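Asks: Hey, can you work out the whole structure from these sequences and the hints?
2 protein chains.
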Amino acid sequence: MELNHIKGFIIDLDGTVYAGQHALAGAVEAVRKLQQYNIPFVFLSNRGNYSRKMCQEKLSKMGIEVPQHAIVLSSTVTAHFLQQHYTGEAVWPFGDSGLEEELRSHHIPIADVPESARWLVITLHESLTYRELNLAFRAVRNGASIIATNNDRMFPGEEGDCIDVAGMIGAIVHATGESVAHVMGKPSALMAHTALAALDGLQAEQCVVVGDSLGSDIGLGKQHGMATALVLTGNTTREQALAYEHQPDLICDDLKQLVDHYIEQLNERG
Amino acid sequence: MELNHIKGFIIDLDGTVYAGQHALAGAVEAVRKLQQYNIPFVFLSNRGNYSRKMCQEKLSKMGIEVPQHAIVLSSTVTAHFLQQHYTGEAVWPFGDSGLEEELRSHHIPIADVPESARWLVITLHESLTYRELNLAFRAVRNGASIIATNNDRMFPGEEGDCIDVAGMIGAIVHATGESVAHVMGKPSALMAHTALAALDGLQAEQCVVVGDSLGSDIGLGKQHGMATALVLTGNTTREQALAYEHQPDLICDDLKQLVDHYIEQLNERG
Chain E
1 MELNHIKGFI
11 IDLDGTVYAG
21 QHALAGAVEA
31 VRKLQQYNIP
41 FVFLSNRGNY
51 SRKMCQEKLS
61 KMGIEVPQHA
71 IVLSSTVTAH
81 FLQQHYTGEA
91 VWPFGDSGLE
101 EELRSHHIPI
111 ADVPESARWL
121 VITLHESLTY
131 RELNLAFRAV
141 RNGASIIATN
151 NDRMFPGEEG
161 DCIDVAGMIG
171 AIVHATGESV
181 AHVMGKPSAL
191 MAHTALAALD
201 GLQAEQCVVV
211 GDSLGSDIGL
221 GKQHGMATAL
231 VLTGNTTREQ
241 ALAYEHQPDL
251 ICDDLKQLVD
261 HYIEQLNERG
Chain S
271 MELNHIKGFI
281 IDLDGTVYAG
291 QHALAGAVEA
301 VRKLQQYNIP
311 FVFLSNRGNY
321 SRKMCQEKLS
331 KMGIEVPQHA
341 IVLSSTVTAH
351 FLQQHYTGEA
361 VWPFGDSGLE
371 EELRSHHIPI
381 ADVPESARWL
391 VITLHESLTY
401 RELNLAFRAV
411 RNGASIIATN
421 NDRMFPGEEG
431 DCIDVAGMIG
441 AIVHATGESV
451 AHVMGKPSAL
461 MAHTALAALD
471 GLQAEQCVVV
481 GDSLGSDIGL
491 GKQHGMATAL
501 VLTGNTTREQ
511 ALAYEHQPDL
521 ICDDLKQLVD
531 HYIEQLNERG
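From first to last, the protein sequence lines are chains E and S. Here the first sequence is numbered in our numbering, starting from 1 and rising by one per residue. Here the second sequence is numbered in our numbering, starting from 271 and rising by one per residue.
Just so you know, these hints were derived from the structure itself, not from any lab. Hints may be right or wrong, so weigh each one.
[What the hints assert, rightly or not] Simulated restraints, written as ranges between beta carbons of each label pair:
hint, chain 1, residue 1, chain 2, residue 2, range
1, E, Gln83, S, Glu448, 35 to 43 Å
2, S, Thr357, E, Glu57, 51 to 59 Å
3, E, Pro109, S, Ala451, 40 to 48 Å
4, E, Gly88, S, Glu359, 53 to 61 Å
5, E, Ser60, S, Pro426, 46 to 54 Å
6, E, Ser97, S, Glu448, 26 to 34 Å
[As the list claims (entries may be wrong)] What the simulated footprint calls covered on chain E by chain S, stretch by stretch (three residues with Cβ under 8 Å from a Cβ of chain S suffice, anywhere in the stretch; the number is not a length):
hint, segment
7, 68-79
8, 170-177
[What the hints assert, rightly or not] Some, not all, of what chain S presents toward chain E, calculated at C-beta under 7 Å:
hint, residue
9, Leu304
10, Pro337
11, Gln354
12, Tyr356
13, Phe407
14, Arg408
15, Arg423
16, Gly430
17, Cys432
18, Ile433
19, Gly437
20, Ala441
21, His444
22, Ala445
23, Leu502
24, Lys526
Note that the structure is predicted; figures quoted are calculated from it, not measured. Don't be surprised by glycine CBs; every beta carbon is placed ideally from N, CA and C.
Replies: Right under this line is the structure:
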């Protein structure tokens, strides 16, 4: 496929750059190559249980150094959304500590008790307890509306498939009978716009979305006019991709193959 | 209301006999009075995270001594159901340890790993961890069908409203996209039949169901031809009861009031 019109990369993280705490083969090299060639990119992840700071540190440990504004997480986009549309309204975060860290870094007020929250923000909670489940439950029972950072069902973990945010959402929704007011994550327009804003000046048609998820990554590109490249290092097999209703523009073994292919075309253009 | 035709009591536990670790006012006295007058009764609870042994010990600490066959829990009925319909099929229990204890006491085989389970049995899990959530998730991802001991949404705890089995069910169902094959708890026919079997020889119309829940307790009685008495010591207010589509035959302040009223009529008959 021709990549001559592409000026910027929107790159998924889990299953594309790393799995768990380990960088995927070639990923570090690929990102460094983009940096060497001064090609604009942004990491765009449905992770809502990290703050950008935590994500920056995680990438740094793997040998990838990027500024925080090159990272857009669903927690980041949730914070922007609350800032813009519900200024000053107190939230109760239900998820790992990175969510609260990201909300606080955007000056979103955190409720003292769940009963006084206007919003319950749900994300992945890998250190979930029954007590915390009850606090989230009481927020909604007392009138808080539900925002989910994303609605992904699962992700591949080191010991096997792991339950993602959908599990936390299901627990609260099924027990309260309330539904989710807003879902922030990919493939939403909010995620697409925030990623483009981080690639200042680039238009959707000048960007390629790279990721391992048909629904989140390829879906995002298809819905918002970007080129799409599926990598086979995560959730999706080539067979699943070929059976999908919206074919990705490219299927690559990994991120490195895509970047090498792009750089090659760039060099050929001279 | 005339209680002359009543020969046996089917008595709910949470919100009727006790709340948390404490007996409700008058409840111990009421149960003792039934025993003194030799009136058959059975405790019938949607709790699936206890075994009968644990429940017997809990009641004993409160001063109520009953044999195990006078206790029917949703974990008990789940074990009977599996014994009868799916003999020898391995299960993965997802809930507090009482569920596994009750299943084992009925010789239900417990799978070594979630991947080899034919059934995932879900009940309340007050010591839930993310790891256990993932094990349950993997059971269903690998083909296990879902049985829930019950589908209650909440119960009143000592620190406020607590999320009940519906939370655990929602987590698994929403993350896997699978639905629940069987729900065991009240107001099911299985619970009604097991309770009647424990009151050997009594017919439905000779029994009164006493409890604090309109859906579970009053619902059970209405659906299966028993008299119904709502107590106001738990989940339901008098106003809620009066607005309910299926009015209970009696509304009592507590279990003691009902038993006193019954014994009074018994004494009048001489």
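Asks: Look at each hint and say if it fits the structure.
Replies: Outcome of the hint check:
1. E:Gln83 / S:Glu448: 35 to 43 Å: holds, 38 Å
2. S:Thr357 / E:Glu57: 51 to 59 Å: holds, 54 Å
3. E:Pro109 / S:Ala451: 40 to 48 Å: holds, 44 Å
4. E:Gly88 / S:Glu359: 53 to 61 Å: holds, 55 Å
5. E:Ser60 / S:Pro426: 46 to 54 Å: holds, 48 Å
6. E:Ser97 / S:Glu448: 26 to 34 Å: holds, 31 Å
7. 68-79: Violated - the segment 68-79 of chain E has 0 residues with a Cβ nearer than 8 Å to chain S, which falls short of three.
8. 170-177: holds (count 8)
9. Leu304: violated, 34 Å
10. Pro337: violated, 31 Å
11. Gln354: The hint is violated - glutamine 354 of chain S has no Cβ within 7 Å of chain E, the shortest such distance being about 28 Å.
12. Tyr356: violated, 25 Å
13. Phe407: With a minimum Cβ separation of about 4 Å from chain E (threshold 7 Å), the hint on phenylalanine 407 of chain S holds.
14. Arg408: Status holds, d = 6 Å.
15. Arg423: holds, 5 Å
16. Gly430: holds, 6 Å
17. Cys432: For cysteine 432 of chain S, the interface hint holds, since the closest Cβ of chain E sits about 5 Å away, which is under 7 Å.
18. Ile433: Holds: closest Cβ of chain E sits about 4 Å from isoleucine 433 of chain S, inside 7 Å.
19. Gly437: holds, 4 Å
20. Ala441: holds, 4 Å
21. His444: Holds. Min distance 3 Å.
22. Ala445: holds, 4 Å
23. Leu502: violated, 20 Å
24. Lys526: violated, 30 Å
Of the hints listed earlier, those the structure fails to meet are numbers 7, 9, 10, 11, 12, 23, 24, in rising order.
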